[in-house]
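Chemist: Residue numbers (my numbering), protein chains in the order written: chain A, 1208 to 1799; chain B, -11 to 578; chain C, 1037 to 1166.
Don't take every hint at face value.
[Claimed, not checked] For lysine-lysine, the following BS3-like pairs were computed, each having C-alpha atoms within a straight-line distance of at most 25 Å:
1. C:1049 to A:1537
2. A:1244 to C:1149
3. C:1047 to A:1537
[As the list claims (entries may be wrong)] Simulated DEER-style distance windows between Cβ atoms:
4. C:1047 to A:1331: 20 to 26 Å
5. C:1051 to A:1464: 24 to 30 Å
6. A:1471 to C:1103: 31 to 37 Å
7. B:173 to A:1255: 58 to 64 Å
8. B:453 to A:1692: 47 to 53 Å
9. A:1725 to B:49: 23 to 29 Å
Read the hints as simulated data drawn from the structure, not as lab findings. We put the CB at the ideal spot given by N, CA and C, even for glycine.
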Amino acid sequence: MHILVCGGTGCRASQAELISENLKTEIENRGLENEIKVVSTGCFGFCEKGPVVKVVPDDTFYTEVRPSDAKDIIEEHVIKGRPLKRLLYKNPKNENKVTSTAHIDFYKKQVRIALRNCGFIDPENVDEYIGRDGYAALGKILAEKSPEEVIAIIKDSELRGRGGGGFPTGLKWEITRNVENKEKYVVCNADEGDPGAFMDRSILEGDPHSVIEAMAICGFCIGADKGLVYIRAEYPLAIERLKIAIKQAREYGLLGDNILESGFKFDIELRYGAGAFFSGEETALIHSMEGFRGEPTFKPPFPSVSGYKGKPTNVNNVETFANIPVIINKGAEWFNAIGSEKSKGTKVFALAGKVNNVGLIEVPMGITLREIIFDIGGGIRGGKKFKAVQTGGPSGGCLTEKDLDIPIDYDNLIKAGSMMGSGGMIVLDEDDCMVSIAKFYLEFTLDESCGKCTPCRIGNKRLFEILEKITEGKGTEEDLERLRLLSNVIKDTSLCGLGQTSPNPILSTLDNFYDEYKAHVVDGKCPAGQCKSLLKYEIDSEACTGCTLCFRNCPVGAISGERKSPHYIDQSLCIKCGVCYDKCKFKAINIV
Amino acid sequence: MDKIKLTIDNKEVEVAKGTTILDAAKTIGVHIPTLCHMKLDDMGIENKPGGCRVCVVEVEGRRNLAPACVTEANNGMQVNTHNMRVINARRTVTELIISDHPFECLTCAKAGECELQDLAHAMGIREIHFEGEKSTYREDTSPAIIRDLDKCIMCRRCEMMCNEVQTVGVLSAINRGFNAVVSPAFEQNLDHSACTYCGQCVAVCPTGALTEVDHTPAVIRALSDPTKTVVVQTAPAVRAALGEEFGLEAGTLVTGKMAAALRRLGFDFVFDTDFAADLTIMEEGTELLDRLTRFLEGDKEVKLPMLTSCCPAWVKFFEHQFPDMKDIPSSAKSPQQMFGAIAKTYFADKQKIDRKDLVVVSIMPCVAKKYECGREEFAVDGNPDVDFALTTRELAALIKLSNIEFNALPDEDFDKPMGESTGAGVIFGTTGGVIEAAVRTAYELHTKKELPKINYTELRGMEGVREATIDFDGLPIRIGIAHGLGNARTLLEDIQSGKSHYHAIEIMSCPGGCIGGGGQPYHHSDSSILKKRQKAIYSEDERKTIRKSHENTYIIKLYEEFLEKPMSEKAHQLLHTSYFDRSTQFEQED
Amino acid sequence: MKVKSLADLRKIKDEVHEKIKLREQSENAEQIVQIKVAMATCGIASGAKEIMSYIIDELDYSGIDGVVTQTGCMGYCYAEPTIEVKLPGKAPVVYGFVTKGKAKEIIERYIIKGELVDGVIPVTYRTIDE
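Looking at chain A on its own, in the form it has when it is part of the complex:
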């Protein structure tokens, strides 16, 4: 028998370690140490009810356990062999006590559809993919269905594009199908560019066949026999695995002429991008594949009508494609039973920032940010206070405490002032300066702007300069007005989605953290203590013992003072590197 004690940061903060200790003591007291082992584990993703303890093999799950409960657990559960009722999880719906984790509705908050095979199969072995129903969807539709029927399934599933826009996938396929042309293309957009987002890479690395299968299905539906994967050259492993997968699929006759003896022909080629963020925009991506500068052009015409080489082209991103085979296999109803009213299925997020469990997660649409951050993510690192969460990459916005219980889907996120984007999710805590965060994202857009249209090329540069001014303590209240004004014009006039959304981080931080901006420009202070120009290191003459440690470590000789008497920092020389602060053993240096 094993007793698993959650060693996640959240539970540890609630004395999980002491629970382990006590359990061990109780076990030793009874001389059971050979029969029962106490093991600490990673986060169970149930931090709300932590600390949690699980007993295996009988799968009993205890929540909100205190160190003093150790004795009862051993007495009741181990010795008497019956669950300790008062610590069992109570189902909030019917107040019934639940014993096993399998019966706790919300315990496993993640649902893996797009990531179904990632971490399960060997991505370089097509048999393992087939072993998990791989290519069954393709086989089924080729044998039994017409393109219209398949499109109807995708439409019924209400799957929406996972690349950020959320356009209904089935509708897109239908539009492309209805454009008459002998030559059409299926393009997979694997030009993932949001900072911190890597779900597409992970899918291609972990389950390349799912994308290949989906592209073939799409080709069958729209009437295309050629697929292209536009993948960034910075993803060597994904490229390698995809190449192996394409080769295997061709060997098995799952790509090529006469697939599964159905007469359907389809093959896939790779196209490499230099990894420019804006190349993820459909039209820019197509220009880049054609060998031109990856710049967006005005839509219409949409790629569905005139895309690659001027032919009708259906562009979907990796995650969207990865959902397709499952939808065919399990049916539209199965799929649209998951998720929220207007957004069905799941979304993969790259959870990053100041949470304990950073990672790649796949959650049903409609889950709340609170569940993601505090349960799956295990809460804020170091027990700090949650401040905001940034979603939607550089085009998104920052959401705050008040938004934590909004069910996440395409529409709600936009309503709240952010967006789904491709799935970047960065959690910020009290130590993050929101002006600096806005500046960070803008710097990214600045680097990634293609430079074609004025508002994005010059406007974003000006926004960045104003933010820089503010973080350097040189901003004025008028600058805040200018930020808002310019942001709105950039949104209103930019050529493509990149420019139209690039001011979002500024607007949402202005909306939610206006006081913080104001503190920078009016009081000359950075409340989070991040903006170096606004910081001042001072030595508390009461606390200073004159040990000279700071004096000896200051790289610019800004500190002076006699041994054994208080030291002093010359502010005109100080470069705010923080070395003195770190070195001082007497907490005599203050940041003001």
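Given chain A, put chains B and C in place with the hints provided.
Modeler: Chains B and C in isolation, oriented as in the chain A frame:
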């Protein structure tokens, strides 16, 4: 054609399906300001990247403002072109462009002609609310064109001309975001590229980012040097456009006033490139007949079709792009260079002036001529046949600088002998003109009969590629004409693949021929100006009593006294040239 | 080999399942251990390759009949490198922060003796089969 109805500024408009909001608005007199957009009507030339965002308008029901130049009008659309949301956005966008533009209007070559300046004025910009860092880039000076990219506003017109119209493919956007610029590949300078110096980029640049190399100071120095005799020649297309710089209606011929102005500027002899054009016809026409005769006699070595060679940008184009065909064009020099060669030999001898003390200045509608006169093969012991080439625009500026009231000048004649010309020389200034002039002479030389007609209208027009068959008294001569290097490329590729059936082809680099040259007064996207200039050229031809080159008495005299006959040894030495393979020029250097 | 029909696909699927079953039920099942190493970019960057070869060597050295394969990202980026260990007849267990020392501990204590060791990562997601 399908019609659609929409409402613009509360007025209902009916337009053909596919019309842009910009064009639809024009039909009811609503002017939407533009900057990057450029369209030469009827010539198939249009730049609409939708990049500057100055033309944004509000389309009801849409989240964002829409660029009028690329947004198609739809049935039932409600468009507001000038409400406060639009005006605010438009002004802000204009301010942004100006915030990244040097404030050098006082010394800018484009001052007064700058479309950004006009826009700023029209928008009532008095203050820039978003000042900041300006993007900078090194200045690039080539023999003909200066790139000052600090002034580039990324309208991409030059890129469109260079790639789509001219298919030269030198200019394209590089780098990202704020650092994006238009540049030759690998950020090379223009003189390290396949640039032909056709100057169409200069002709369409809305600001001072692309301008011609200024030869004016050198000309002023020569004119003020008492030891120098300064001779000027004026290209045919100049007289049809120069008046525009002085407020005259496009298409006003100012030949006489131009000669008068040049005289007042202090040129010792005011001559005409048209004289050299007649000379070109003598040489080129004879060469064509020579090749034809050999061809008809069964000579397999002879190269046909023969291509004209008076356009320096075209010459550089095939030297880079079609070096395997460098034997096909006529070996005759361009009129500018023939003029220089004769001026510095025949004329200098007559005047008993050492060629080193004779300065030849040409007034050209062209920026490539600046490059051409600097080509090494057109110099004797380092002394060029043509010293300086001014554009039409530079001449206008020089006239203004000298306080000459151009419009009040009397009409004066050119000086003799090199100012005498025929109607054939004049029409060199437009597409189709060179070949028409050649036909007039070659016909009579070949058939020994008088021309049945003088106006070959079948060779005239503005179509990019034209063709006609001229009956040389039983011998059908098939003629092709192309203007714009992209059109030239089409004809060349046909020759390469053996599909071409022409005997002679005229090629001009600039759309419209020299009347649309890169050195002409800016047309600001008004293609009717080009048509008016073309009309003026033909009317000058009509006015001439002698309209065939071989009847030019001074040309006849030149052969009698000096050159003997067309294609003589002397003529070869002075009036003909050869071409170079430049396709690997820069690879070797790098 | 060409897959020609849906039936062929099912055959492959069944074979794969059969293989797994065989492993589970074979006579020396006790000794067959399946280990998957998460080898996406994040895992490799954290040293998954070294861990994989180390585990192969150690299993060899200990004379354990085991299959070590690579797989994609399990999603626990905070705990890379991660491995999944499946002992015959038991549910798979994921371990995170696997160093060489940890790997040795897992082999010696979990694989050989069947005792769970610290560092188990509970599965926090449902699969499409649930």
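Chemist: If a hint holds in the structure, say so; if it doesn't, say that too.
Modeler: Right, here's what the structure says about each hint:
no. : hint                         : in the structure
1   : C:1049 to A:1537             : holds (17 Å)
2   : A:1244 to C:1149             : holds (12 Å)
3   : C:1047 to A:1537             : holds (20 Å)
4   : C:1047 to A:1331: 20 to 26 Å : holds (21 Å)
5   : C:1051 to A:1464: 24 to 30 Å : holds (26 Å)
6   : A:1471 to C:1103: 31 to 37 Å : holds (36 Å)
7   : B:173 to A:1255: 58 to 64 Å  : holds (59 Å)
8   : B:453 to A:1692: 47 to 53 Å  : holds (51 Å)
9   : A:1725 to B:49: 23 to 29 Å   : violated (37 Å)
This entry does not satisfy hint 9, going by the numbered hints stated previously; all others are met.
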